[in-house]
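Chains as they are written, first to last, in my numbering: chain A, 151 to 523; chain B, 119 to 528.
Hint data in this document are derived by calculation from the structure and do not stem from the laboratory.
Among the clues, some could well be false.
[Stated by the list, open to error] In silico DSSO-like cross-links for lysine-lysine, where the CA-CA straight-line distance does not exceed 30 Å:
| id | chain 1 | residue 1 | chain 2 | residue 2 |
| --- | --- | --- | --- | --- |
| 1 | B | K126 | B | K136 |
| 2 | B | K420 | A | K291 |
| 3 | B | K393 | B | K457 |
| 4 | B | K277 | A | K291 |
[What the hints assert, rightly or not] Some residues of chain B that are not near chain A, with every Cβ distance over 10 Å (derived):
| id | residue |
| --- | --- |
| 5 | T152 |
| 6 | N180 |
| 7 | A187 |
| 8 | Q365 |
| 9 | G459 |
Idealized CB from N, CA, C, for every residue including glycine.
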Amino acid sequence: MNPMTEIAAALADAGGYARDLKSDTRGRTVGYVCSYTPEELILAAGAHPLRLLGTKQAIHRADAHLQSYCCSLVRGILEEALSGNLNFLDGMVFPHTCDSIQRLSDIWRLNIPFGFHADVVLPVKLTTASARDYMADVLRKFRKDLERSLSVTITDQALREAIDLTNGIRAALRRLYEIRAENPGRVSGSDLHQIVRASMILDRHRFRTLLEAFLAKAEAKATPAGTGRPTRLILSGGVCNAPDVYGMVADAGGAVVWDDLCTGGRSFEEPVPAGPDPIGAIAERLLARVVCPAKHAGLTNRADHLVRLVREKDARAVVFLLLKFCDPHAFDYPYLKAALDREGIPSILLEVEDPLPPEGQLRTRVEAFLEML
Amino acid sequence: MAAPSEDKRKVKAVRKMKDIMTTYYIEAKTAEQTGKKVAWITSGGPVEPLLAMDVIPVYPENHGAMIGASKMGVDLCEKAEAMGYASDLCSYARSDIACATVNGGPIGGLPRPDMLICGNNICGTVLKWYEVQARYFGCPLFLFDTPFCHTEFTADMRKYVRRQVDEYTDFLAKACGRPFDFDRMKEVGRLSVEGQRTWQAVLDTAMNRPAPISAFDAFFHLALIVTLRGTQIAVDYYRELLAEMQQRAAEGIGSVPDEQYRLLWDNLPVWYRTKWLSEKFASHGACLVADTYTSAWCGSLKYMDENDFLGSMAEGYTRIYLNIGVDEMADTVVAMADKYGVDGVVLHSNRSCKPYSLGQYDIQRMVEKRRGLPSLMIEADMVDERAFSESQIDTRIDAFMEVIRGRRNG
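Just chain A, same shape as in the assembly (with noise of 0.2 Å):
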């Protein structure tokens, strides 16, 4: 079959696919909130990760416990888990990220009665010998708290599975991303985005199969015949929940060949490295991967690894995605912006909502943008 029907099956009701997941498999499920979580301490244990990317559903449960000017993606969180939407979750986990996912943390663990709950209080420096030891004890408490919440042992062996199938996600993302960044007309923005994301909510080992099966059938696709050379764009933000943004990129002419997105780039584009010690390598990668900008990894890597993105990925400009309210990427725009100035690659910025606004004003600024280039 088309692996994108079964994809785009499952993302049509992710919560419904999940529930059906877990009791064809009789497994457990542990949902969580960032990318920074470590999936394969998840997997180790013998549990499907689920992400937990908002909601479609209008917000209005969570709005007695989060004010407006909280983000769409953190209210929407929670207003899943408060219509019951989760309730088949076995446990939820929440990784130290930005001041909003944690205060989720602790509103979710006095409000939902369902399933464990685990901080992973990270470090937010990742600079220094102290912090990367603290990264470590960190992982190797979450995998003493998911033993005891899940009645498991977590054995190194399976850690080092887990590892490899991650890994091996990793490379086939990644892949797709040359391959599109190659010929943008091989793999369709929309394909690219609904992969990502099934990325983190299919069955790790079906997906993988499925990615396989895709990247055989891009790569052996005829190079479509040419209807002149798209303008190449790189995306630039936190979650993306905007899977229309690719369309309007690609209906104005246009197409994104590369991204520094929480759900993109930024989840795959480091492996954990090979080591006698899984946990120790599971940190490093936390520690090298492109940086959030809620964490510190020096005053000047973000506006770097965007600027070699666009040279690398021989992109003409850079669209910044932003969800309104997000602090830490509002925060950095205007240095990364600058750095772009300094270097004549132009952008925009699309500050998004969860539901998007009507139709028509994102379209109508991404035509002008593309126009002007």
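Fit chain B to the supplied structure of chain A, relying on the hints for placement.
For chain B alone, coordinates are given in the frame of chain A:
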């Protein structure tokens, strides 16, 4: 008994505080001439080691409060927005980032920093803000990373933060070009604990009825425990203030004339409307007798050991009010409500401060459930006046005070 005259209710220490703060800012602003180094530091940051090395600490957040109180916030926030900073970001950060580029604000900007010391025990915002300033001023940034204590302060956290204390003293030795002064540190640490204790004693005088000091007074007197914590100046000032408050309590002089109702304030002040809010509540005979904000600078005294300041500051600085779970915050609010005998709670939902504000609805419900106390949520911002709707808040305070009165009379 007739209410004490307006003159008698004036706090005499106010004059002295203004002098101390003026001297402090003059010294900071002339540091270049005197050859002293200047560090910018977050309000919850570990200031004591700076004092031990004779570095002048400067507080952008205190500066932010001054900008707010002098109603210069909107102008500076708009400047920051023109620089590309979203209008939803912290208004302290926005006004400070803009101010640094124009040397504006009530004191013509802060002195240029030689180093930046960022403690993230109050929020993640300070990290981003200090990164901005480190790029702008091109000076070193030390991040004191205090893991968030949702439900516990673990041995791993203690080890991590304790190691950072050593990294911090090494950083200062390098920045100052001489070994860290551990002897002086002992004295500074002792003074810091003494200052915190005395500040707590000042706040405790509000247990008296009527309360000789209100939260609005405390917002003003707070400045020294933030900026001069660890100095003899702060200890002496708070001793004097304490004596004055004890005297007032003995004479039955309240902060609010004819105190009828006692309320607790949560979150930062609305700096540009403290006078208006204070008078508004006073017009209902209500005194804000305590608050979660000014007590945050002495809330972790229980973890501090004055004879081993560096050793105990890992825990003391990590387990502060904002770096703990919502339920522990609610416990603190309930304990304060009991201690000060309050009739209700006023919560400032502050758009600028997510770690302080997100969770307030739950705190509100927990306090109502556990103590049956009515509460009022005020939507505003600490510095950006555009988020303040005076007529709406005026009406809501009237309605809230009606409830408080009704409960007393019912």
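Evaluated hints:
Proximity of K126(B) to K136(B) is assessed by CA-CA distance (about 19 Å); at most 30 Å being required, the pair is judged to hold. A C-alpha spacing of about 27 Å is found between K420(B) and K291(A), which places the hinted pair at or below 30 Å, so the restraint holds. Note on K393(B) and K457(B): the hinted pairing holds, with a Cα-Cα distance of about 25 Å set against a maximum of 30 Å. For the given pair, K277(B) sits about 14 Å from K291(A) by alpha-carbon distance, which is consistent with the 30 Å threshold.
Against the 10 Å criterion, T152(B) stays outside the reach of chain A, whose nearest CB is about 29 Å from its own CB. The beta carbon of N180(B) sits about 21 Å from the closest Cβ of chain A, which is more than 10 Å, so the claim that it is off the interface holds. The Cβ of A187(B) sits about 23 Å from the closest Cβ of chain A, beyond the 10 Å cut-off, so the non-interface label holds. In this structure Q365(B) is separated from chain A by more than 10 Å, as the shortest Cβ-Cβ distance comes to about 42 Å.
Every Cβ of chain A is farther than 10 Å from the Cβ of G459(B); the closest lies at roughly 27 Å, confirming the non-interface assignment.
Checked against the numbered hints above, the structure violates none of them.
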